Amino acid sequence: MSNPDNLKYTASHEWVKTETDGTITVGITDHAQELLGDMVFVEAPTAGRKLKAKEECAVVESVKAAADVYAPVSGTVTAANSELDGTPETINSDPYGAWIFKMKPDNAADVAALLDAAGYQAAVDSEAH
Amino acid sequence: MPSLKQTPLNAAHRAMGAKMVDVGGWDMPVNYGSQIEEHHQVRNDCGMFDVSHMRVVDVKGDGVRAFLRHLLANNVDKLTLPGKALYSSMLLENGGVIDDLIVYFMREDWFRIVVNAGTADKDLVWMKKQAAIHAPQLVITDHPELAMIAVQGPHARARVWEALPGSKELSEHLIPFSAVEMGSMFIARTGYTGEDGFEIMLPAKAAPFFWATLAEHGVKPIGLGARDTLRLEAGMNLYGHDMDERVGPLESGLAWTVDLKSPRDFIGKAALLAHPPARKLVGLLLLDRGVLRDHQHVHTAHGDGEITSGSFSPTLEKSIALARVPNGVQIGDSVQVAVRDKMLAARVVKYPFARNGKGLV
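Protein chains in written order, with my numbering: chain Z, 271 to 399; chain D, 7 to 367.
There may be inaccurate statements among the hints.
To be verified - The calculated DSS-like cross-link candidates involving lysine-lysine, where the alpha carbons are at most 25 Å apart (straight line), are:
(1) D:Lys-348 with Z:Lys-322
(2) Z:Lys-372 with Z:Lys-287
(3) Z:Lys-324 with D:Lys-356
(4) D:Lys-84 with D:Lys-66
(5) D:Lys-267 with D:Lys-286
(6) Z:Lys-372 with D:Lys-348
(7) D:Lys-286 with Z:Lys-320
(8) Z:Lys-372 with Z:Lys-322
By construction, these hints were calculated from the structure, which means they are not laboratory data.
All figures in this text were calculated on a predicted structure; none of them were measured in a lab.
All chains, full assembly: derive it from the sequences and hints.
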């Protein structure tokens with residue numbers, strides 16, 4: 271699966287979608303779910319929580335391992351995807367549809383500065399060496 | 007980085023789409039897609055595992071039995087019928103566990119031992135050192151040229167019989183935990199999943215063809231990821247996690263593999279008798295949402311303990327663990343497990359958690 275061009279990315283394997291109202295939606299990339307394997311538990315941040323960029327704010331656990339999810343930018347959590355409580359495996363089957371949380375960024379320019387699809391792919395490729 | 011060791015089936019795994027990982031220096035398949043599907047495949051039908059990284063060690067010569075009576079914590083005198091197997095710990099003088107192993111009685115001058123991959127080299131050094139002292143006439147030979155394929159699940163034996171002409175006549179009357187030779191192959195009714203099946207040792211050169219033949223007969227490949235969740239559900243110990251050289255068998259749920267009743271002496275016996283266990287291994291079932299993992303701290307009314315193996319149970323769809331806790335902890339007790347910044351509720355339960363296709367908790 272290729273990384274969608276309409277999303278932004280972090281080197282720590284989050285994808286970021288900018289919504290029309292300026293909030294952002296966050297999930298983990300196809301590469302990340304592939305590394306982790308079958309997902310069995312997701313712990314998302316609660317709405318209202320203030321986050322600093324790169325702060326640990328969610329946890330995804332596969333059968334194999336637990337992995338932290340980081341805030342891509344500073345801002346305030348506006349929603350968590352409670353549907354993942356019962357169906358964490360949708361992160362495996364639909365990584366770019368199964369969002370984990372939404373947040374309102376403090377500064378829209380921070381989002382614009384994140385990696386684009388090609389930049390993220392380069393980061394993944396360099397990790398493999 | 008030193009290059010990883012490969013089993014004779016390495017190319018076959020890659021051709022079948024395996025995700026390969028470093029398992030103790032070996033390049034091994036962790037899954038071929040979904041670990042959970044592979045787990046259910048074994049519980050409900052059957053699957054095959056490449057366990058060629060495990061090591062076969064033959065001990066031959068006059069007086070093998072007397073030597074093993076001294077070397078192993080379990081008593082090889084329980085083995086009276088050729089082909090019968092016994093699970094045992096091999097201990098240090100201080101009672102720590104060097105390894106857990108299966109020993110097969112083949113003839114009075116030949117016992118076959120199968121040891122773990124990560125401990126094989128130190129096991130051999132230890133066995134040869136003890137033999138030099140107590141039984142220098144014995145010949146101890148390891149067989150890295152043998153591959154091992156485990157076929158496990160309710161339909162495992164029937165599929166092997168279809169795939170391997172002549173094997174049914176030889177192996178259909180094998181009782182659990184015993185083995186028979188078939189030419190250059192060694193067929194054992196043993197396993198590490200809590201399901202029926204065989205573990206088959208064969209020459210490395212023959213392994214890719216046999217693997218492919220099993221696949222043609224509908225046996226799905228299973229990665230070492232599912233092997234771990236299957237063995238954990240079955241309540242089987244994993245060396246280096248549930249016990250090691252720093253902890254004795256009586257604190258590791260392995261008292262049933264230690265024979266302290268017979269008058270014979272064995273390496274580690276004096277230490278076990280001198281230091282009665284203060285801790286024990288129990289099962290945990292997580293009541294809150296989350297996943298238990300190795301090394302998480304367990305808080306009980308009798309003091310603290312630690313998870314030795316924790317994961318998600320695909321059969322129970324809950325998280326389970328083995329944990330070493332103070333002796334006072336009882337089945338049914340409520341305990342708390344420290345998971346990141348939270349304390350999660352768990353219950354002490356009997357294990358195995360699942361076996362023969364069914365959850366038991």
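> CA of Lys-372 of chain Z to CA of Lys-287 of chain Z, is that 25 Å or under?
Replying inline: holds, 9 Å
> Hey, Lys-84 of chain D versus Lys-66 of chain D, does the alpha-carbon distance stay inside 25 Å?
Replying inline: Distance ~19 Å between Lys-84 of chain D and Lys-66 of chain D Cα, so the pair holds.
> Within 25 Å, alpha carbon to alpha carbon, are Lys-372 of chain Z and Lys-322 of chain Z?
Replying inline: holds, 14 Å
>> So if I understand the rule, the pair passes when the alpha-carbon distance is 25 Å or less; does Lys-286 of chain D with Lys-320 of chain Z pass?
In response: violated, 44 Å
>> Next pair to validate is Lys-348 of chain D with Lys-322 of chain Z; report whether the Cα-Cα distance is within 25 Å.
In response: holds, 21 Å
> Keeping to a limit of 25 Å between CA atoms, is the pair of Lys-324 of chain Z and Lys-356 of chain D held or broken?
Replying inline: With a Cα-Cα distance of about 42 Å, the restraint between Lys-324 of chain Z and Lys-356 of chain D is violated, given a limit of 25 Å.
> Within a Cα-Cα threshold of 25 Å, do Lys-267 of chain D and Lys-286 of chain D meet the stated pairing?
Replying inline: Holds, at about 20 Å.
>> Can you confirm whether the C-alpha distance between Lys-372 of chain Z and Lys-348 of chain D stays at or below 25 Å?
In response: holds, 23 Å
Going through the hint list in order, the structure does not satisfy hints 3, 7.
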